[in-house]
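Guided by the hints, dock chain D onto chain E, whose structure is given.
First to last, the protein sequences are chains E and D. Numbering-wise (the working numbering), the first sequence opens with residue 1467 and increments by one. Numbering-wise (the working numbering), the second sequence opens with residue 21 and increments by one.
Because the hints were derived from the structure by calculation, they are not lab data. Be careful, since some hints might not be right.
[Claimed, not checked] If the Cβ cut is set under 7 Å, some of the chain D residues that face chain E in the computed set are:
no.: 1; residue: Glu27
no.: 2; residue: Phe102
no.: 3; residue: Ile105
no.: 4; residue: Ile133
no.: 5; residue: Leu137
no.: 6; residue: Thr260
[To be verified] Simulated restraints, written as ranges between beta carbons of each label pair:
no.: 7; chain 1: D; residue 1: Lys299; chain 2: E; residue 2: Gln1499; range: 55 to 61 Å
no.: 8; chain 1: E; residue 1: Val1775; chain 2: D; residue 2: Leu288; range: 34 to 40 Å
no.: 9; chain 1: E; residue 1: Pro1627; chain 2: D; residue 2: Val146; range: 33 to 39 Å
no.: 10; chain 1: D; residue 1: His148; chain 2: E; residue 2: Lys1537; range: 23 to 29 Å
no.: 11; chain 1: E; residue 1: Val1775; chain 2: D; residue 2: Val265; range: 39 to 45 Å
no.: 12; chain 1: E; residue 1: Phe1536; chain 2: D; residue 2: Arg35; range: 51 to 57 Å
no.: 13; chain 1: D; residue 1: Leu36; chain 2: E; residue 2: Leu1505; range: 54 to 60 Å
no.: 14; chain 1: D; residue 1: Lys299; chain 2: E; residue 2: Lys1603; range: 19 to 25 Å
no.: 15; chain 1: D; residue 1: Ala289; chain 2: E; residue 2: Arg1599; range: 20 to 26 Å
[Unchecked claim] Among chain D residues calculated to face chain E with C-beta under 7 Å, some are:
no.: 16; residue: Gly30
no.: 17; residue: Phe34
no.: 18; residue: Ser38
no.: 19; residue: Leu43
no.: 20; residue: Leu45
no.: 21; residue: Ile124
no.: 22; residue: Leu127
no.: 23; residue: Leu162
no.: 24; residue: Leu190
no.: 25; residue: Thr193
no.: 26; residue: Ala219
no.: 27; residue: Thr225
no.: 28; residue: Phe230
no.: 29; residue: Pro252
no.: 30; residue: Ala281
no.: 31; residue: Phe282
Positions of the beta carbon are idealized from the N, C-alpha and C atoms, including for glycine.
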Amino acid sequence: MPGMVSKANKSPLPPFNKRGMRGDFKPGRFRWQKAKERLIASFFFFNGMVSIIILAGIFSLLFSEGLPAFKEIHFSDFLQSTWNPTSYVKATYGLGAIMVSTLMVTFGALLIAVPVGLACAAYLAEIASPRVREVLKPIIEILAGIPSVVLGFLGIVVVNPLIARAFGIPNGLNALNGCILLAIMSLPTIISLSEDAIAAVPKTHKDASLALGASRWQTLVRVTIPSALSGIIASIMLGMGRAIGETMTVLMATGNAQAMPHSFLDAVRTMTATIAIELGEVPFGSAHYHALFVIGFVLFVMTFLVNLVSDIILQKYQEVEQ
Amino acid sequence: MKKQTVETLGFNLFRLGSVFVVLILGAILFDIFYKGIGAISWEFLTAEPRMGMTEGGIFPAIVGTLYITLITALFSVPLGMFAAIYLNEYARQGKITRIIRLSIRNLSGVPSIVYGLFGVALFVRVLHLGTSILSAGLTLGLLTLPWTITASEEALKTVPKSYRDGALALGATKWQAIRTNVLPYAIPGMLTGTILGLARAAGETAPILFTGVAFFLPFLPDSPLSQFMALPYHLYVLATQHHDVEKVMPLAYGTALVLIAFVVGLNLAAVIIRYHFRKKRG
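Extracted from the complex, chain E is given alone in its bound form:
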C-alpha cells in the first residue's frame, strides 16, 4: 500500500539525524552556536558592569586627585570656616562656611518643597480625577526638564528684584533666592516619587479605614500617608541629594560671598559653586587645584550617603510590602 512507504521520506521536514533531531546540522554547528551565545552573554555582562566601573572610577579619581592637597594643606585647615585660597595674606582652605551654605540652601529649599510637593503628590494620587492627572503629570515632567541654568537666570532677573523689594535690601542674590530655586528644582523628584509611594498603598488599608466610618480626608491623612511614609521620606532624601549637588542655580543666584552666613538674607557660596568658580582659573597641579577635588570628594560622599540612606529606606519598605 502506498501508505506503508516509510514516513520519514514523505514528511516535509528533513530526516532525523543521529542526535534525534531533524535537520541537516552538523554537531559542530551546535558548538559554534553555544560559543556565540556565551560570547553575547558575556558582552552584555561587561556592559552591565560598566556602571560599577564608572562609580568606582569617579570615587578613585576624586580620591587620588584630592589626596595631593594634603601634602601642602594640613587636615585641620579644612576644618576652619573660611575658604579663601587666593588671599594675598594667607591662603585658607576651610570648608566650614561653604558647607554651612550648602546645607542652608538645601534645608531651606526642602522647607518650601516638602509641603508643596506632598500636597501635590497626595492630590495626584488620591484626589485628582484621571483627566486632571493626565494633564498634571506631563506638567511636572516638563518642570523637571527645565535646565538649571534657565532657573538660575530667572533667579537673577525675576526673583532677585522681588526679594530685594520685599525685604528692602539692595539686592536679592542671597541664600533665600537659592532656596526658592532649589525648591523648584527638587519639587518634581519629590512629587513623582511620593505619588508612587502613596499610590502603592494597598486599597485594603483604605477600605478598612473607610469601613470604620472615617472620612476620605481622615483616611488620607491618618492611614494612606502614614503607610507611604518610608517612600515619601526616600523621595525627600533624593530631592535633598539633588539640591546638595545642584550647581548652576546656586552659582548664579546666591551672591557667592565667602563669609560664614548668618541669615537667609546673606549672600552665600556653596560647595558646588566654589568648584564651578575656581576650577577654571586655578593652575593645574597646585594645592588649590587638588583642594577643589577634596571639595568634590566631600560632595560625592555626601550625596552618596543621602542616596544610600534613601535606598535602604526604600528597600525596607518593599520588603514590608511583600
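Showing chain D alone in chain E's frame:
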C-alpha cells in the same frame, strides 16, 4: 468643625499645592516666552555673536549644543541599552546584580559638577583629549548613562514573558529570542526614554564648564577635538559675566527661549515616537 467641612478644606489645601506647582511652571514658561520672543529672528538663529556679544546671534552655540548632544547619544545610548539588556534578560538575582543596581542609582545622584571634575581628570588630563567637544560629550554621556539604563530597562520590562517563551519553545537560542521577539517591541520605548535623557543632558552646564565649552568663538568647531560654544553656557555668560547687563538682557532671554524650545522639542519628539509606535502595534 464638621467632618465634611474639614474634608473639603483639606482637599482644597492639597489642590492649592498642585495649582501652585502649575503656576510656577506657567510663570517660568510665560516669562521666558514673552520676553524672549522679541529677540528671535532669522539673524539671531543663524549669525555669530558680534560687538562683544551685544549684537548678532547664537548660531555657534546652537551648533555646539547639537554636536555635544550627538557625542552624548553615541556614547550613552548603545551602552545604556546593552546594560539594560543584561540587567533585564541575562542577570540573575544575586550579589553582582544588586551592586550594579545600587551603582546605577548612586550614579544618577552624583552631582553634575562632580561629573565635571571627573571629566577634567579623566578625559582632559589622563586621556589627553583636551578641552574639546569629545571630552564634554563623553562627560555628559557618563551623566546620562544611568537614565538611559533605567529607561531602557523599563521598556524591556513591558515586553511580556510569553514573547520570549514563544521563541525559545521554537528552538531559538536566548539571543535569537531577544533579537527577534523582544528588541523590536522594546526599542520605541528605549528611544523615548533615552531622548528624554538627552534633552536633560543638552541643558546641563556644570559638566561642560571645564571640559570644553568656550566663552566666545567667532567660528564653528571643525573637529571633535576643538572647543565649542553651547546654549546653556552662553546663557550663563550673558546673564552673569557680561558688563553691559541691560544691553544683553534681550539676547539672554532669546537664548533661554531657544534652549527651552530645544529641550521641549526633544521631549515632544520622544512623546511622538511613543505615540506612533503604540498606534502601529495596535
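Failing hints, ascending? 7, 9, 19, 24, 30 and 31
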